[in-house]
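The opening residue of the sequence shown carries number 23 in this note's numbering; numbering runs sequentially from there.
Treat each hint with caution, since some may be false.
Computed list of lysine-lysine pairs in DSS-like fashion (alpha-carbon distance at most 25 Å, straight line) [unchecked claim]: (1) Lys711 x Lys790; (2) Lys292 x Lys576; (3) Lys460 x Lys597; (4) Lys711 x Lys802; (5) Lys681 x Lys671; (6) Lys333 x Lys293; (7) Lys388 x Lys364; (8) Lys807 x Lys797.
Hints in this document: simulated from the structure, not taken from any laboratory.
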Amino acid sequence: MKLKNLRQVLWLFVFMLTGIAYGKEYQKTRNGLKADIDDIQVEIQFYSQGIVRILKYPQGEVVDKKSFSVIKTPENIPFSVEEDRGAVLLKSDSLKVKLDLQTGQISYYDVRERCLLAEKSWGIQFTPVEYGDNETYLVRQAFRLDKDEAIYGLGQHQKGKMNQRNQMVHLRQVNTDIAIPYIQSIKGYGVFWDNYSPTTFTDNSMETAFDSQSGQCADYYFIYGGNADNVVRGMRELTGQVQMNALWTYGFWQSRERYQSQEELVGVVKKYRELQVPLDGIVQDWQYWGIDPATWNAVEFGNPQFPDPQKMIDDVHDLNAHIAISVWPSFGKNTAIHKRLKQENMLLDFKTYPEQANVYDVFNPKAREIYWEYMNKNIFSLGMDGWWLDATEPEFGDKDEKLNQPTYAGQYRGLYNAFPIVSVGSVYDNQRMTSSDKRVFILTRSAFAGQQRYGANSWSGDIQATWDVLRKQISAGLNFSVCGIPYWNTDIGGFVTWNSYREGVKDPAYRELYVRWTQFATFTPMMRSHGTNTPREIYQFGEKGSWEFDALEKYVRFRYSLLPYLYSTAWQVSKNSDMFMRALFMDYPLDSKVLDMDNQYMFGRSLLVAPVTQPMYVDENKLVNIQDTHSTNVYLPIGNSWFDFWTGKRYQGGQSVTKETPIDIIPLYVKAGSILPIGPDVQYATEKKWNNLEIRVYPGADGEFLLYEDENDNYNYEKGAYSTISFSWNDKERTLVISDRDGKYPGMLNARKFRIVLVDEGHGIDCKLSEKVNKVVTYKGYEMKIHL
Numbered sequence: 023m024k025l026k027n028l029r030q031v032l033w034l035f036v037f038m039l040t041g042i043a044y045g046k047e048y049q050k051t052r053n054g055l056k057a058d059i060d061d062i063q064v065e066i067q068f069y070s071q072g073i074v075r076i077l078k079y080p081q082g083e084v085v086d087k088k089s090f091s092v093i094k095t096p097e098n099i100p101f102s103v104e105e106d107r108g109a110v111l112l113k114s115d116s117l118k119v120k121l122d123l124q125t126g127q128i129s130y131y132d133v134r135e136r137c138l139l140a141e142k143s144w145g146i147q148f149t150p151v152e153y154g155d156n157e158t159y160l161v162r163q164a165f166r167l168d169k170d171e172a173i174y175g176l177g178q179h180q181k182g183k184m185n186q187r188n189q190m191v192h193l194r195q196v197n198t199d200i201a202i203p204y205i206q207s208i209k210g211y212g213v214f215w216d217n218y219s220p221t222t223f224t225d226n227s228m229e230t231a232f233d234s235q236s237g238q239c240a241d242y243y244f245i246y247g248g249n250a251d252n253v254v255r256g257m258r259e260l261t262g263q264v265q266m267n268a269l270w271t272y273g274f275w276q277s278r279e280r281y282q283s284q285e286e287l288v289g290v291v292k293k294y295r296e297l298q299v300p301l302d303g304i305v306q307d308w309q310y311w312g313i314d315p316a317t318w319n320a321v322e323f324g325n326p327q328f329p330d331p332q333k334m335i336d337d338v339h340d341l342n343a344h345i346a347i348s349v350w351p352s353f354g355k356n357t358a359i360h361k362r363l364k365q366e367n368m369l370l371d372f373k374t375y376p377e378q379a380n381v382y383d384v385f386n387p388k389a390r391e392i393y394w395e396y397m398n399k400n401i402f403s404l405g406m407d408g409w410w411l412d413a414t415e416p417e418f419g420d421k422d423e424k425l426n427q428p429t430y431a432g433q434y435r436g437l438y439n440a441f442p443i444v445s446v447g448s449v450y451d452n453q454r455m456t457s458s459d460k461r462v463f464i465l466t467r468s469a470f471a472g473q474q475r476y477g478a479n480s481w482s483g484d485i486q487a488t489w490d491v492l493r494k495q496i497s498a499g500l501n502f503s504v505c506g507i508p509y510w511n512t513d514i515g516g517f518v519t520w521n522s523y524r525e526g527v528k529d530p531a532y533r534e535l536y537v538r539w540t541q542f543a544t545f546t547p548m549m550r551s552h553g554t555n556t557p558r559e560i561y562q563f564g565e566k567g568s569w570e571f572d573a574l575e576k577y578v579r580f581r582y583s584l585l586p587y588l589y590s591t592a593w594q595v596s597k598n599s600d601m602f603m604r605a606l607f608m609d610y611p612l613d614s615k616v617l618d619m620d621n622q623y624m625f626g627r628s629l630l631v632a633p634v635t636q637p638m639y640v641d642e643n644k645l646v647n648i649q650d651t652h653s654t655n656v657y658l659p660i661g662n663s664w665f666d667f668w669t670g671k672r673y674q675g676g677q678s679v680t681k682e683t684p685i686d687i688i689p690l691y692v693k694a695g696s697i698l699p700i701g702p703d704v705q706y707a708t709e710k711k712w713n714n715l716e717i718r719v720y721p722g723a724d725g726e727f728l729l730y731e732d733e734n735d736n737y738n739y740e741k742g743a744y745s746t747i748s749f750s751w752n753d754k755e756r757t758l759v760i761s762d763r764d765g766k767y768p769g770m771l772n773a774r775k776f777r778i779v780l781v782d783e784g785h786g787i788d789c790k791l792s793e794k795v796n797k798v799v800t801y802k803g804y805e806m807k808i809h810l
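Based on the provided sequences and hints, a complete structural model is requested.
Following this line, the structure appears as structure tokens:
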């Protein structure tokens, strides 16, 4: 009798967990449900109220996948399951997911029953394929988007397109292209396709699809946020939060391919100091190991032109600057690290750059340990400040069959696009374990979803020096940032000049391009000059008093005056999932004129930037005429009034304005309600304390700003060693409220002055500190109210 009752209870329990509709079985799970539909296993898992993971695989397959990107685990959230005319509905507080039990089609709805996204009825396709001795599947998932629905993301591509509709994009890591299989919609959702094999994204009138070369399953995440910022927040919730970089990394960087001796490198820093042009970082490119290809990337100093690397690093530090160095993932056959990795069978076999080198198996944890061992004992231990991890795609110059070789974690084809995140992540983790005195700084040429958790700066690769390429950098950087990775930059002046400007810096046409590129770079997360064929140091472009030198110096100094704004924005990026470079659709989704705009963006929450991307002052015959001022058109988005940063003149949003653009002016507008801190005139980022900041208030709307400060380097901020001061502007009452200071850290200013400026036409303008201010107040950490 007890056994019978127990069977009845068990039967009722199974009945409660398992549903049968139209002959299709599904089972509720802790986080969602599982279903078997036409020999396809479907799993729906709530990771949070607005994030859902979809897993599909052929019946009989066993899926045990560890994501390289996703670090979040599913939350235990309340959700309901109910049947509705041949479908199963899963509802959380934010989202409804509908599974059609006949077709397997999945659709997503918000709480207002608005359809956000739907899979196509033929959506999932698994095509058996063999690569060498590996049996796997071509995996394809198709979706249906609204006809006029704008989407963004996919990483960094050089097509000059902001909106990613109506095109095909090959998602494969190569120099100048960064593959991230992620899209964000203007409707307030994102989709992350968690597959690492070479993938094709297709959007046309029939479908929007991800098509991957290799996979045992289809694995994607639907992220609903309702607006662009919340979608980015959801992506970082899934894949990791952004780390704070040190204050000095937001200053100006000088680099070249390459400095040929330690004397030359230190001499560049000395020259900047003599000229009193600010500088914080310098980069040593390749061949410090020697010029023999067999010694390629020895991860040690072997070039006789660098006889005392310890002294070189110390000399740079004595000049109050920092140094980063190039390290590659490939090694020449005569290097100690190559021999060791070869002995351990930890090298991959394909043609790379240079051809005499081999790439290491980054997926092997022991190989990663060896990589760091050499970096640490030969370079980091000398006091190196940062890493330039070049070619982390890595470069692949061989036949397709070479992708079929095994790695520690499986066939290389199925892992290809994940190489950069594993490589960068390993260096980050190992340095963190070695020392907490310096925040990890990494500059790298590639990336994958989740790389923001390692604080790495990606740059746009070995691009050409042309005006067209300059313009394309804007949409490339914005779409990359949309993917949740905020740190991005570009080679100022383009990497290669040889094809367009064979005389390099001697060509006035190139000098004009370089000036405009520098202006753009002032408003990117990292401001870095680099390239080949011709030198790039500021003094190579003329002397003080020349139009080129003066324009360049102006923007380097401008960068430093923005450091309080930049560093505080960096905190918002780290703490609250904010962005540096904000595509205009993020802040103005209802303004149809900005949805495809590829030449303007917000830098932080306050600054509208419109880089000049065409020549104006040097003609085809190399004749220079900077006296006749030209102009450009700028669109000011609807919903705000805007101040011309240079003049203080106010404009209503929703219109195009004509802005005069002499060679030293980039169109720059400040949103009404903004509070903009202007920092001191310095030679390097930490030269002066921020004890006399200018606080510019742009009236016309309420606004606020949070000033963030810490020890500028190290990881004590993670333990709470930092402070914030909130500034709030009430436009109606014309009152600025400075809050009580929150938090503390060693070396914090206990008292300081704020120079308050209420911006108006002709007042509180330009990038220099204002001579006349409205009020000067002494702040001692307690709330103040200032009427202006």
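Please write out, lowest number first, the hints stated earlier that are contradicted by the structure. Nothing - there is no hint that the structure violates, so all of them hold.
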